[in-house]
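**Q** If you want the building blocks of each chain, they are given just below.
Protein chains: 4
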Amino acid sequence: MAIHKRKINPEDDLGFGPQPVIKNQPLVNKDGSPNVKRVGLPRFNSANNYHTLITMSWTKFWLLVLSGYLTLNIIFAFIYFSFGPQSLDGSSGISTFHRFMDAFFFSAQTISTVGYGHISPKGMMSNSVAALESMMGLLAFALATGLLYGRFSRPSAQIVYSKNMLVAPYLENSRGVMFRLANLRRNILIDLEIEIIFSFNETVDGKTMRRFYPLDVERRKVSMLTMNWTIVHPLDDKSPLKDMTQEDLEKTEAGFAILLRAFDDTFSQTIHSRTAYQYNEVIWNAKFKPIFDRDEDGRIVLDLSKISDHELVTT
Amino acid sequence: MAIHKRKINPEDDLGFGPQPVIKNQPLVNKDGSPNVKRVGLPRFNSANNYHTLITMSWTKFWLLVLSGYLTLNIIFAFIYFSFGPQSLDGSSGISTFHRFMDAFFFSAQTISTVGYGHISPKGMMSNSVAALESMMGLLAFALATGLLYGRFSRPSAQIVYSKNMLVAPYLENSRGVMFRLANLRRNILIDLEIEIIFSFNETVDGKTMRRFYPLDVERRKVSMLTMNWTIVHPLDDKSPLKDMTQEDLEKTEAGFAILLRAFDDTFSQTIHSRTAYQYNEVIWNAKFKPIFDRDEDGRIVLDLSKISDHELVTT
Amino acid sequence: MAIHKRKINPEDDLGFGPQPVIKNQPLVNKDGSPNVKRVGLPRFNSANNYHTLITMSWTKFWLLVLSGYLTLNIIFAFIYFSFGPQSLDGSSGISTFHRFMDAFFFSAQTISTVGYGHISPKGMMSNSVAALESMMGLLAFALATGLLYGRFSRPSAQIVYSKNMLVAPYLENSRGVMFRLANLRRNILIDLEIEIIFSFNETVDGKTMRRFYPLDVERRKVSMLTMNWTIVHPLDDKSPLKDMTQEDLEKTEAGFAILLRAFDDTFSQTIHSRTAYQYNEVIWNAKFKPIFDRDEDGRIVLDLSKISDHELVTT
Amino acid sequence: MAIHKRKINPEDDLGFGPQPVIKNQPLVNKDGSPNVKRVGLPRFNSANNYHTLITMSWTKFWLLVLSGYLTLNIIFAFIYFSFGPQSLDGSSGISTFHRFMDAFFFSAQTISTVGYGHISPKGMMSNSVAALESMMGLLAFALATGLLYGRFSRPSAQIVYSKNMLVAPYLENSRGVMFRLANLRRNILIDLEIEIIFSFNETVDGKTMRRFYPLDVERRKVSMLTMNWTIVHPLDDKSPLKDMTQEDLEKTEAGFAILLRAFDDTFSQTIHSRTAYQYNEVIWNAKFKPIFDRDEDGRIVLDLSKISDHELVTT
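Quick mapping for you: the protein sequence lines, in order, are chains E, L, D and G. Sequential numbering of the first sequence, starting at 0, is according to numbering that gives the first Met the number 0. Sequential numbering of the second sequence, starting at 0, is according to numbering that gives the first Met the number 0. Sequential numbering of the third sequence, starting at 0, is according to numbering that gives the first Met the number 0. Sequential numbering of the fourth sequence, starting at 0, is according to numbering that gives the first Met the number 0.
So that you can see chain E by itself, here it is in the shape it has in the complex (with noise of 0.2 Å):
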């Protein structure tokens, strides 16, 4: 293994420098983000907020849009409730609750700019609350209509990777690991670029140093994804994979991070999508098996439920 001979071009590193990976705590998530702990960062920060109201899941978006509606509604409902029962006409509540529950809707009513007006605002005080409020739903309105917009826009690829790296026969006489993807969405991706880089532990004269190697793919670019990609980096005598076993793999904490861009067509937009496979991620001696196939017609089928299948290879 003389490969830390080799000239390491710096670039490829992924911005990690020479740490090495200690307790199997990879660097490189699943999803492709960096595994880095984060702090000292200013505690409010609206960009990071606009982040996270972009990147939540839709569940986790409507629940806050609606206990944000509930929440600013029960604040109102205390304002005019303070005011006393002759701050709204048409209140006909009797009881405290009554009356209450008759100020929580004359907010929701309000801020949704509804305004029936069985009830309405009486007096300075609840009618001034009242104008602010109708104000707050419209800016409410149009933050909603923003952030809605943001969340659709946002150029997201959806690209569905095999579960598992293999090492497969490939031409004759020869290997290569292998992994494959396809597009989930029906957007069609141009001018595809891979890369791989492929990292691990290595220890000379008793220091610890992670090393970091982009690998050589059979064919680096597709100009169109119209069906999977088969991604092969072959084991020749160019490969820093060439002589190491699986157990080597462990031994240095391997991994591989995966680096994908495109162009997604639809929306006009380069996208990048990113992930990680680690040694125990990487399955030697199987093949995939095959995705597509041919309807009656003869046109071309392919299935993305198959994406991840292969099967062991006898050598």
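These aren't lab readings, by the way, just hints derived from the structure by calculation. Some hints could be false.
Because identical chains cannot be distinguished in the list, a pair is counted as satisfied if it fits within a single copy or across any two copies.
[As the list claims (entries may be wrong)] Here are the computed lysine to aspartate or glutamate pairs in the DMTMM-like style, where the Cα-Cα straight-line distance is at most 25 Å: (1) 250 x 292; (2) 288 x 302; (3) 237 x 294; (4) 29 x 295; (5) 286 x 171; (6) 121 x 294; (7) 250 x 295; (8) 206 x 217; (9) 220 x 190; (10) 206 x 171.
Values in this document were obtained by computation on a predicted structure and should not be read as measured data.
For this one, chain E is given, so just place chains L, D and G on it according to the hints.
**A** Using the frame of chain E, we list chains L, D and G on its own:
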């Protein structure tokens, strides 16, 4: 036909690999999308739903919006109706049908936040539902705004291509394969780049495979699409089409995929347009008629309705 | 004038081909758009309608919105009016005119979803129309939001160019063709790149053709447009303008197309600006006056109103 | 100091030309914008107004929205008030002040389209104004939506730079000029590229001119900003800073402009960040303290509050 001995660049196969075309099923549809059926997709996929809503026709879109509005109001009408006649103040209906219609119109007034107030909710239950419905109205509105803007701002090249490819005289004593295109929109397209991928079935040793060749063009780029653009592939010695006849094209199920890239200066977006010609859309020994003229002031007049006009030539 | 023997790069002709300029009709308008009339377009074209709504002047846009609002309300007023006096509850009008105005104001209250309720729909027919109108109001609003944002977010470089091109002294014993430009907006433009295409009619063997030459400039790129930028084409031996006189430019209907590309750092968009100078906008033997000064603190002061200021020089 | 004999690439001068820095007035502000005052701009410029509304602080923005809402309502209140007491039905005010406040609250209910209806317009004049006002409300709302989304979606890198540049030990027996940066936002930045432009005044033959030199850096690009990034300019023989002392920097009013380009993967946008260091922000013989650590699980912890931490070194 020794062309199969040339080196084939794997990046030119549009991602299809060596699958032959069978039963007249082209690889690329007329609109440039791959002719592949995709199955095994996850059932619910919000990104695809959005994609569908953005790319469907305007007629379908408005019908969907209208029927959604109707459906929502019918559902809410049933809810209000089920709360009994005392739950809506001002409901003047005596018959069951009139009471239901009052509930329906009250729902419409609530979801659109118009809220006249001649019918108004009474009691905890209908008030709560109305508060929820008006919020839903606001959010549905926000969604519609986002969708409408998404539909509008989607970069969409409206490139018109000539209906046929022609095999026409070119320069002196030579021939070329030609088609032409123009911009149907008023926006200015700059930095245009064209690519033609020619593909056909080839049988070697009894095994049929698809071959892909990018074709040389007389002029690969134009800096601005001011008029129309006639793209010419010269049938010279380097052309894989050089010695092929009309019958050869049919026998090998030949096809041409056209890929156009441009920059839309009005909306600052890179756009792509794709189309395909099958062997039966190629007309031999024909040439295009002129598409532009001069008006009385010396100004160039481009008649886009003539884009496909051609006439036969005698060789 | 043996310049027609130079190799012409077909990509420099701006897509016009060898058509000569006749009757003083320039190929490129002052705003940089091609001077080509397009006919034969499909009658209804939603993309072009959107393009028109986005690029029209603000005055026209607001007039259109206002007249659209008026027209819609007049149409709906006629519908409500036709349903008879009993269809609108609270309509206090006695005369026909007052009844129509009540219908008109009710329509305005419905479409804007303000819905005071002092006039309210009565009966199936007016209730149904009102439900439809309020939904239309919501959607029209969504449309207006999209259009307004589309108008705002459209990348628009506001580059001001000097009114004239000057043939001015340049370095020692030499001359150059010059013009200058500056940014009228406060956003920061980076990575600017300029191109000048010089074109003129040339008659060879009795046939008049248009020739296009890209001109060398002293400095093709600037990394940031911090001040103004004077673009200089040196009149050296490589210049096709070297031996041309003012009369030559006129006789050959010479013109200069200017293409500027930059990156708008505020909105993260590539922008383009184009303009053109005709032979009669070139001033011979003049030089630009300085455009910037220092204030008392040593700070540079740029006066954009002086962008076209020049003075004659005696050679 | 024979560096003025080197070839200066005109593209490196940031567009400033050879103007010297006088009276301590730097060319580039701390936020990276050019320190140039611009006058002679056209009075009304909608693009600049939009730019101002998009880039102003949130506090200012909300104050502007609130005061605009107040001002509009006060204007409309005066209009309704001027129509006399009979123009608003349901106005319960007896005193002039109460009548005006009723007009004010009616205006607020109209412009926000809440329209309770307990006050409603009566007669042609107030009805017409109310119809206009509610339309204005809708459009103002559309505008606010556009502005809010424009503010949110604006690509804004939040890069934090170390407060000082350090002249620190670098490799063995050498020194380097260093600063470091990190991303304050959670979005992932990829393909980062840095440029340092060093500039200083030089007096040749009694004429003071500004010189600009791009500085070599140890590593010009990183593929991903996973942690922090320390940018090092080695003080080797090629460096124009090689033989300059702290006094030289001060005497020549030296400055460093920093230009960072990156791709924001979350929003699919190219972003730029700029800053500047003046000679008095350079600390000699100091080195940065480590900014990251490991937690108990072996995970890397990055403390962004330590970005500027450094300590003096004894050489």
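**Q** What are the numbers of the hints the structure violates, in ascending order?
**A** 3 and 6
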